[in-house]
Amino acid sequence: MDEPAARRLPWGLLLTILLLALLLTAIFRGAPGTAAPWDVVFAAVALAGGAFLMLRRLQGYLWGLVAALALSLHPLNWDWVPPLERALRGEAAELIVLAAVVTAWELAARPAFAWRAWLVTAVALCLGGGVAWPALPQAGLVAALLTAVGLPLGALFAAVRHRARPAGANVAGAVLLGITAPVAGLLLAGVSMAWLDWPVSPALEGKSTPSGFLSAAVSPDAAGLQVRGYAAEQLHRWAWPAVWVVLPLLVLGLLMAVRRGRKELRARRPPLPWLLVLYALAELVGVALHPRGSPEAVVLPLASLALLLAVYGIAEVLY
Numbered sequence: 001m002d003e004p005a006a007r008r009l010p011w012g013l014l015l016t017i018l019l020l021a022l023l024l025t026a027i028f029r030g031a032p033g034t035a036a037p038w039d040v041v042f043a044a045v046a047l048a049g050g051a052f053l054m055l056r057r058l059q060g061y062l063w064g065l066v067a068a069l070a071l072s073l074h075p076l077n078w079d080w081v082p083p084l085e086r087a088l089r090g091e092a093a094e095l096i097v098l099a100a101v102v103t104a105w106e107l108a109a110r111p112a113f114a115w116r117a118w119l120v121t122a123v124a125l126c127l128g129g130g131v132a133w134p135a136l137p138q139a140g141l142v143a144a145l146l147t148a149v150g151l152p153l154g155a156l157f158a159a160v161r162h163r164a165r166p167a168g169a170n171v172a173g174a175v176l177l178g179i180t181a182p183v184a185g186l187l188l189a190g191v192s193m194a195w196l197d198w199p200v201s202p203a204l205e206g207k208s209t210p211s212g213f214l215s216a217a218v219s220p221d222a223a224g225l226q227v228r229g230y231a232a233e234q235l236h237r238w239a240w241p242a243v244w245v246v247l248p249l250l251v252l253g254l255l256m257a258v259r260r261g262r263k264e265l266r267a268r269r270p271p272l273p274w275l276l277v278l279y280a281l282a283e284l285v286g287v288a289l290h291p292r293g294s295p296e297a298v299v300l301p302l303a304s305l306a307l308l309l310a311v312y313g314i315a316e317v318l319y
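In terms of my numbering, the sequence shown opens at residue 1 and continues consecutively.
The reader is advised that the hints may include incorrect statements.
Pair ranges (Cβ atoms, derived) [said to hold, decoys possible]:
(1) Val-149 / Ala-31: 37 to 43 Å
(2) Gly-168 / Pro-82: 45 to 51 Å
(3) Leu-73 / Leu-18: 16 to 22 Å
(4) Gly-30 / Pro-241: 19 to 25 Å
(5) Pro-37 / Val-160: 43 to 49 Å
Because the hints were derived from the structure by calculation, they are not lab data.
Please read these numbers as outputs of a predicted model, since none were measured by experiment.
Virtual Cβ for every residue (Gly too), placed ideally from N, Cα, C.
Using the sequences and the hints, build the whole thing.
Right, dumping it as structure tokens:
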């Protein structure tokens, strides 16, 4: 991409996100009965925005919009009890971070240093982590894993496999951000707890330090291997609209992501679809560490993972 094009603002993308936000706000605030609280509206818009930006990079505008609307209008998002509201906020932060990691993989392979885009990406990674940790420590851990593992991997693929010689500053920026952004997210988590009047995870009672967030994320009270029981018990909730439809499409999406990533790597391009596999692995870690007696920490992450992979798989097959 030449320098003048790199300086232009993506007005079409910004307008799409604005219209998506207005549509979801109208739907959630105009819901029959009780309108959704603003915290829920904000989280639903952020969730849709992250899904749109991520799938847009992988499959295009149309499939980005399909994923955003399907995910934000999932029935789980209409249950506004505090545990699910926190889980929704944490999942929204995860998808914002995932979209930023996808962008970082593309930036790492550019031949010219894209400092403006790196600045926006860094802000998204740090703020995403800062919001995720207080909402649900396991979501903060997932965001940190996506950043700390994903960005160095993107730098490695860009430096070793890309067909064009990437700028050294872009490769170094990806590695540096992969190290510093998770730390910055942990530090910002305490600030967000103090400044934002949002409900926080009960596991963080009396804890507002980085060590407190980490201990809450990997607490000995985590359900651990009981996750299989929770997932099976809540299967009808997260595998929406039907189990027999979602589960095969989930597997299809994973297989298609691996296959497409291999093709991109052989073509010496960033294997962006592999980030969906990384997201699935990181999400399973977070789910396995969910606190006992908190099924909302399982159903919402699994619902997001299933829908995103299902949409990706359908799009890839049609492509």
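A quick look at each hint next to the structure:
1. Val-149 / Ala-31: 37 to 43 Å: At 38 Å between Cβs, range holds.
2. Gly-168 / Pro-82: 45 to 51 Å: With Cβ atoms ~47 Å apart, the hint holds.
3. Leu-73 / Leu-18: 16 to 22 Å: Check passed, 18 Å falls within 16 to 22 Å.
4. Gly-30 / Pro-241: 19 to 25 Å: Hint holds: Cβ distance 23 Å, inside 19 to 25 Å.
5. Pro-37 / Val-160: 43 to 49 Å: 48 Å, holds
Hint check: no violations occur; every hint is consistent with the structure.
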